[in-house]
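Here the protein sequences line up with chains S and R, keeping their order. Take the first sequence: its position 357, counting from 1, is numbered 356 in numbering that gives the first Met the number 0, and each next residue is one higher. Take the second sequence: its position 298, counting from 1, is numbered 297 in numbering that gives the first Met the number 0, and each next residue is one higher.
None of these hints come from the bench; they were simulated from the model. All the given hints hold, so there is nothing to weed out.
List time: in silico EDC-like cross-link candidates among lysine to aspartate or glutamate, alpha-carbon distance up to 20 Å:
(1) R:217 <-> R:193
(2) R:125 <-> S:292
(3) R:219 <-> R:197
(4) R:219 <-> R:193
(5) R:125 <-> S:301
(6) R:206 <-> R:20
(7) S:388 <-> R:84
(8) R:125 <-> R:113
(9) S:388 <-> S:544
Because the structure is a prediction, the values reported are computed rather than measured.
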Amino acid sequence: MSAAAASAPPIGAASPVATIAVRAFRDRLKLALYSGIGLAALSMLGIGAFSSLNSQDLFNNLPAAFDSLIGGTAGGNYVVSEVFGLIAPIVVLVVAISGGVNAVAGEERDGTAGLLLAQPAARRDLVVAKAAVVAAHLLLTVGILLSGFLAASVVFDSGLGAGNVIATTLHLLALGLAFAMIALALSAWTGMAAVSLGAAAGLAVLANLTAAMLPLVNGLQDGAKASPWYYYNGSEPLVNGLDLTHLVVLLVIAAAGFAAALSGVERRDIDSGSHGRGLSIPALGRFTRPRVDSIFAKSLSERVTVITVAGSAMISMAIAISLMFDGLQQTLGDLSKNVPESVAGLYGGGDLGTAVGWINAEMVSIMLPAALIALAVVLGVAAVAGEQKRHTLDLLLAAPVTRRRIVVEKATASVICVVAVGVLSAAGILVGSEIAGLSLDASNVAAAVTHATLLALFFGSLALALGAAASAQAALRVTVVAALVSYMAQAFLPSLDALKDGALLSPWHYFSSSNPLANGFDVAHLAVLAALTATAFTASLVLVDRRDVSA
Amino acid sequence: MTEAIGTHRLTKRFGDLAAVDCLDLEVHEGEVFGFLGPNGAGKSTTIRCILDLSHPTSGTVSVLGLDSHTDSVAIRRRVGYCPGDLALWPNLTGQQVIDYMANLRGGVDRAAIDALAERLHADLSKRCSDYSSGNRQKVGLIQAFMHRPDLVILDEPSTGLDPLIQQELQHLITEVRTDGRSVFLSSHTLSEVERVADRVGIIRHGKLVEVSTVSDLKAKAVRGLELEFTGDVDRARFTTIPGVREVTGAGHQITVTYDGAIEPVLEAATALGVVNLHSQDADLEQIFLAYYQDDEVAEAAS
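If we strip away everything but chain R, and leave its shape as in the complex, we get:
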C-alpha cells in the first residue's frame, strides 16, 4: 500500500535554525491525519516541502507514491491545498478565483463547485478585496475540494469560519475519508482536529514528538474538572488520587487537573457530595505543557 504522504529524514534549515529536523512522517491512504504543533513548530514548513514550494535541505518526501520534486506537477494534479493565511487576487471576484484555479487544473465539475459553495454559504460574487477573512477562507476551501483530490492538505482551515461552517467543513473532511481519500490537517488547536482526525502527529521545534490516535492522545492529556459541593471539603482528599496533577480552589469549589482516567476523580467527588461539575476541555496548550514538563523532568533526571 502506498502512503498518502511519506517523509524520510526531512530536514529544512534556514541558516542555523532547523525549522524541520529529520522528520519521519507517514500519512496512510484513507485517513485524516491531524498535524499539531504550536506556532513556529515547523508545520507550514513541512507542508511547503510536501508541495515542493520549498526545497528540503536534506531528506526526501513522497506524495501518493510520487517524488515531491520530480513529480510535483503530477502530484499537484491530485492534491487540493488551502494555504494558511490565505491571500487571493484582490481584483478578482471569488467566482473568478475559483474559475482561474479550475481552468489551471482542467476537468473540474461545475456542479461540484456549486454544491460546495452552497454548503459553505459562500458568496462568490464579491471582489476578494471586499471579503472578510471567513469569506476568503471559503473560497480557499472550495478550490481545495472542488476537483475531488486524492489528498487534501489544509493549513489552519477553520480560520475565520463561524461554528456552523466549521461543522460543515468537518463533514467535508469526513466525506473525503469515506471515499478512501486522505486529508492532512494542520492546526494548532486540538478542537479543530480531534473530531475528525484518525491519528495526530505533534511537532515541536521541527521534530515529531508524538504520533498516536486521538483517543490515546486524549487519555494522556491533562484535563480539568471544576467541582462544586454542598459544603466545604478537604482538598487533600483529591491529591492522593493517581493521575491528579494539581488541586486548586478552597471551600465548596475545587478544581482538579488530572491525566488518565476520569473515574477515580469522579468516585471521590461523588463520595463527597458533588452537586455540580464542569469539565474543562483538554486543550492543546495543556498537552504541550505536559510534553514540555515531561521533557524537563527527563532532562533533570539525566
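With the rest of the complex left out, here is chain S:
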C-alpha cells in the first residue's frame, strides 16, 4: 500500500484544459442526459400513441398553413414535427444557454473563478474547455433524442424518413451551438450570470418569434432571414433534408460567438465572487428596491421585476398571436374540419378556425398555464427551501417570528405575484382580441385565466410544501415531474378507452376539460383546484414546523 503510494505519479499529468473540461463535463452531465432522455421518451410515447391511431391519411391532407405553425408536418409524422417544432429546440436551448452562461459568469457567481484562475491555467483555457463541454453536452442530448426517434420508428414502423430526421437533428445541434456560443460570449464579456442568461434567453425568444411571424406579414418575409432560427427550420429539413448553407450560417454564428468569448474574457476584471448580481431594470429602480418592513413586503418587492417582465411577455405574446389569426383563418378553418378529436386534444382542442379555438390552442391551453406554473413553482420553492439553500434561513428564524408566519407571508406575496401576471395575461388577450377584432367574451377570458391561475397556485403550493420539508432541488424536481406527468395524463389518457377516467386524477383536467375560454367558469372544477391548493398549503404549514433546519 505504502509502496504503491510512493510510486504513484504526481497529480496533474493532464493539461489544464482537459482538467477543467472533465470537471465541467461531469458537473452538468445530468442536465444534458436527462434532457435527451426526456425528449426521447416523449417522442417514443407520442409516436407509439399515434401509430395506434393509424391516421396516416390525415397527416398527408394537412394544409400548408398548418406546417408553418407547428414547424412543418408535410411528409413527416405529426409527433416528429411537434417535437422538433418547439419542444426539442426549447430543451436543447436550455442546455446550450445555461451551459454557455455558467462557463465563465457561473464560476464568478459561485466565487470559484478566483481559485480556478489562480492555477496555472490561462483564461482562454477556461473558455476553450467550457466551450468544448457545452458542445459535447449538446451532442449527447440530440444524440439521445435521435436514438429515441430511430428506435421508435423501427418498433412502431411509423414510416419516418430516417435521413430527414438525422438532417433535422443536425440543424438542431447547430442551432444549439450558435446559442451556446452567444451565451458564452455574453457570459465572458459581462461576467454577470443573470444578465447573460436573460439576454441570451431573450434573444432566443426574439429569434423564434421573428422566424415564425415575419413570414406571415406581407413585405417582411425576408426579415426572417435575420433570425438564427430561420436557419434551423426555414429550409424545412424534415421535408427537404440537410441544407448545408443554413448549417454553415449557424456554425459561423457559433464561431463568432466563441471568438468574442475568447477576446472578452481576456479584457475583463474577473469578479472575486459576488453572489449573484440580479437583473434589474433601471426605470423600475424605485419599485424594485427591496423593502424590509416585513417578510411580506420584502418578498413582494423582490418580485416586481419578474411581474413586469413576465407580464409584458404575456401581453406581447397574446397580442402577436391574436394578430396572426386574421391571415390564417381560412386555412385554419379547413384544417380543423380534418383533424380528429384525439389529435385536437394535443393542442387544447376546439375549432382552430374560430377565434376562441385559435387563442385556446396557441395561448391558453399550454403557454398560459406553463408560464404561471413555472412562476408559482419557482416562488414556492424559494420560500423556505430557497432561504435554506442560501443559508439565510438561520438568520430569519433567529427573529422572534413563528415559522408558520414566515410561510404565510411569503405565500401571500407569491399569490399576489402569480395573480398579477394572470391579470396582465388576461389584459393582453383582451387587448389582442380588440385590436384583431376577435370579439372574445371578456368573462370567458377571465374564466380561462382564473382556471389557469388556480392550477398554477396548486403546483406552487405543492412546491412550497415539498420545499418546507426537503431541499430546493428535490422540491423543484418533484414538482416539475408532477406537473409534466399530470399534463401528459390529461392529454393522452382520454384517447385510450380503458384508461380515460385516469385523466380525472390530473389537476390539469380541472383546468382545461370544461374549456373555460368557450364555456366560462366551471365552479365545480375551480372548487377542486382550490381544495387541492388548500390541502397542499396546509401541508406546508405542518411540514415547516417539523423541519430540521440544518446548517
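Place chain R on chain S using the hints.
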C-alpha cells in the same frame, strides 16, 4: 435563579451518528460561557437545538427559563444570535438587513444600531453580495447585539475580523456581562474565548468532556517554553521536573512543554543561565491533545 441555558440529556442523532450525546449543560445568568470543541464536535448542533432550529432526538433544552420548543418565539425575542458561516441576502445592503431584522423584532433603538456600527467600523451602505467576510460578520454582530438581548449566542464570531475589531467585540461581550446579561460563545480557538469567558465547556464527539473556569483550564493546559542559554546545557536537567512532558532541541536552545505551574521550569532555567525565553500560548489543540492522551491512557489502563 433561572439558568440562561440549561440542557438536560440533550441528544441529537443523524442516523447512527450522535452529533450531541446526552449533553447536560448549564449556562448561568450573567456569565460569559465559552463553548469549545474541535470541528465537528457538536457545537453548532447544540446551538441549533437551543434555538429550535433543530429538534432534539431526546432530552430537553430550556432557555431563560422557557422551553426551547414551545416557547421558541418568546425566547428568540430575548436572544440575539450570530450564526457561524453567516449568510446574508445578497440583494440587500447591510443597512437593509439590519432594518429587516429590526422590523421583525420591533422596538429596536436606532441609536443602538448606529452606535454598534460605529464601534465595529461597519460600512452598511454596500450590498451584501459585495461584502468581504469580515464586513458580513459585522452586520451579523450588529443584529445580534442591537436589541440588548438577555442572552447573546455567538458562533465563531471573530471570523474574518481584524484584531482591532476583535478587541471591540470582546468589549461588547464583557459589557453584556456587566449588565447582568449572558453570552454563549462557541469557538474552536481558545484565544477567542479565554480573554472574555468566565467558564468554558469542552465538547468532543457530542459529549461534554470538561467544564471549568478559564484559569483552571489553563493550569491544566500543556504549554511550551522556548529557552535560549549562554552556552550548551543538558536537556536531562529538565526532564525530571514534575509536569514536564517533553524536552526538545539541543545545545543552547531548548523547548520544554509542560502542564501545571511554570515556576519549577523557570527556576531550573534561571539556574542554568537563561538569556532569552519565549512562551508558547497554550492553544486549544494542545488542550485537546492532552484530553485525547488522557483518554488513551485511561483506555489502555482499563
